[in-house]
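**Q** Assemble the whole structure, with the sequences as input and the hints as a guide.
Chains V and F supply the protein sequences, listed in that same order.
For what it's worth, our numbering labels the leading residue of the first sequence as 1457, then goes sequentially.
For what it's worth, our numbering labels the leading residue of the second sequence as 109, then goes sequentially.
Rather than coming from a laboratory, the hints here were simulated on the basis of the structure.
Do not take every clue at face value.
As the list claims (entries may be wrong) - Label-pair restraints from in silico Cβ distances:
no. : chain 1 : residue 1 : chain 2 : residue 2 : range
1   : V       : D1508     : F       : H392      : 55 to 61 Å
2   : V       : A1477     : F       : R148      : 48 to 54 Å
3   : F       : S115      : V       : R1502     : 44 to 50 Å
4   : V       : A1477     : F       : D435      : 20 to 26 Å
The C-beta atom is built at its ideal place from N, Cα and C for all residues, glycine as well.
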Amino acid sequence: MSGQPDLGRADLLTMLAEMTAKPVDQVSDRVGSMELAWLVHLVEQRYDRRLDLTDDQLAGIRTVDDALAVFHACLTAPADG
Amino acid sequence: MLLAGPSTDVCFRLPDPVDRGTLRRLVGEAQARLAEGGLRPGGAVALRLPPSLAYVVNLLATWRSGAQAILLDHRLTDHEVEQALERLTPQVVVAPVRTGPAALKVFVDVTEGVTAHSDRPAGSPHAVIQLSSGSTGPSKVIGRSAASLVAEVRRYTRIDGVALPGERIILLPSMVHVLGLVGGLLYGLHARITLVPPDRLSGDAVLAAVAADDTPATVLGVPFHIGLLASTRSAGPLPQLKRMTTGGELVPAAVVAAFTDRFGVPLGNMYGMTEVGVIGTDLHGRHRPAIAPAPGIEVRESATGELWVSCPESPYVGLSDPDRWSDGWLHTRDAGLVDPDTGLVTVRGRLDSQVSVGGLKVDLTEVEATLAGLPGVGAAVVVYDDGITAYVQPDGPLSEEALEKLIAERLAGYKRPRTLHLLDRLPRTTTGKLVRSTQALRAATP
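**A** Structure representation (C-alpha cells):
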C-alpha cells in the first residue's frame, strides 16, 4: 500500500467502543494492553495484513493518538518488510 | 501424574513440538539448576516468568524437587514482587535473564536465571502459592495443596465437554492463574492433550493454530478472546474447532450469538476461583448464564445470598477470617442462586470491591490503598465506572503525568486506573467520610 492509510483517530475510537460496548464519546483515550491487542487485531483485519510491531513500539503506546501514529508507521512500511 | 506417558507424546507445539521425553529431560536439568541455586526439599521457589516453556519446566522441576512454587505474574511491578518476596521468603527466585520478542506474544522465548533468596523453608505445606488482589491493600496469599490440585485435575477428567486425550487445547489464559494453570497446563499434561499457544494474540493467529493440525481443538480463553475470534473474516470451514471455553466474567448474549453464528460450535462457560479451582461449568452453553457444579463440588446459597463452595481446608495463608472460609466452606463473595430442583448455579455479581479486568481479578481496595499511599496524594477514591476509575485529591502540586508514573511503579498494568481525575476536593459526607457514589464523583469532576 502506498501513501497515508485511511485510518483516523475516529476509526480507533469506534473499534474501542465496539470492544467495550460503550458509546464512542465515552471511550477512554487511554490504551491498555488489552485495548492495544484489540486495535492491532482489528486494524489487521481491516487492511488484511499483519502489523509486525516491536516491543519498543508497543511499550510507547499509552493513548489512542500514540496507537494511531504507530499504526500509520507500520501501514506505510512495505508489507513484507 | 503429569510427566508419565510415552516419550514421543507431543505435550506442546510452540510451534515446534515438545514431546514428553524432551520435557522430562528439561525438567531434570532445571531441577539440578534449582538445587545449585540453593533450593532444598521443603523450600520454596518464586517463579517470576512470563508464559513460556521455561515457566512450565521450572514449575514442574520445583514440584519434583519437593518444593513449593510461588507464582508471580510477570506483569507485577518490582514493588509488588518485593512485597511478596518479603512475606513468602523463597529459597530461590527464577526470573528471565534474556527474553525474546514479547510484543503481543502468548508464549515468550525466555532464558531463565536462578538467584538465591533466603535459607528459610516454605512458609506453608502448600504445593503452589498464588497472589490475589487483596481487599485489605496488599495481595492475599492463597495456597493450594498437592491434594487439592490433584482433585481439581481429576474433576476436569469427569466434566463433559473438556478436551479429550489426543486432542488439542489452544491455550490463551496465563498459566500463572488458575484457569490456564489447572484447566490448561496440568489437565493437558495429565490427559495427554497437546497444548498450543497461538503464535500471537490475534484472532487470525488463534484460527491458524486451530487449523495447523487435524486433531480436534478446544480454544481456552477469557471473554476478551471471544471478540477476537468473532471479528475475524471467514476463510472457509474450520472442522477442527470443537469448542471455545472461557472463564472469568459473564459473557453478554450478543457476544455469544456473534460467536456461535460465526463458528457453529458451542461456547462454553466456566466459573472458578483461585482458592479452589473450577467450581462449575456449562461447556455446551445450554444453561447460560447458569453453570452446573463440577463433579465433587458442592455449592450452596448462604442466608445472605452469598455462594458458598465446599473446600475442605482454608486456602488462605497467614489469614484466619471466618467471613472468607469456615467449616469446610469457601465464602465466594459472589452473590448467587442455587436452583433447588436442578442444582444449577447462577452467579449474580460480586458482593465486595473485586472487579474482573480481562479475566484477572482486581480488588479496588488494593488500588485505592496504593494510590492513597503515594507521595503528593491527600486522598483517593477508586470505583468501577466502565473501567477502573480513580478520583484523587492531591495534597500539593501533582500533575496527572507524575501521578501516572508513580502508579506505574507500584501497580501491574491491569490494576491501574483507566481514567484518572485530579480534584481539588473529593466529595465527602457531612461526617467527613469519602463519598463513593459514582454519580456524586462524576458530578464533582470539572
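**Q** A separate judgement is required for each hint: does it hold in the structure or not?
**A** Verification of the hints:
{"no.": "1", "hint": "V:D1508 / F:H392: 55 to 61 Å", "verdict": "39 Å, violated"}
{"no.": "2", "hint": "V:A1477 / F:R148: 48 to 54 Å", "verdict": "52 Å, holds"}
{"no.": "3", "hint": "F:S115 / V:R1502: 44 to 50 Å", "verdict": "46 Å, holds"}
{"no.": "4", "hint": "V:A1477 / F:D435: 20 to 26 Å", "verdict": "41 Å, violated"}
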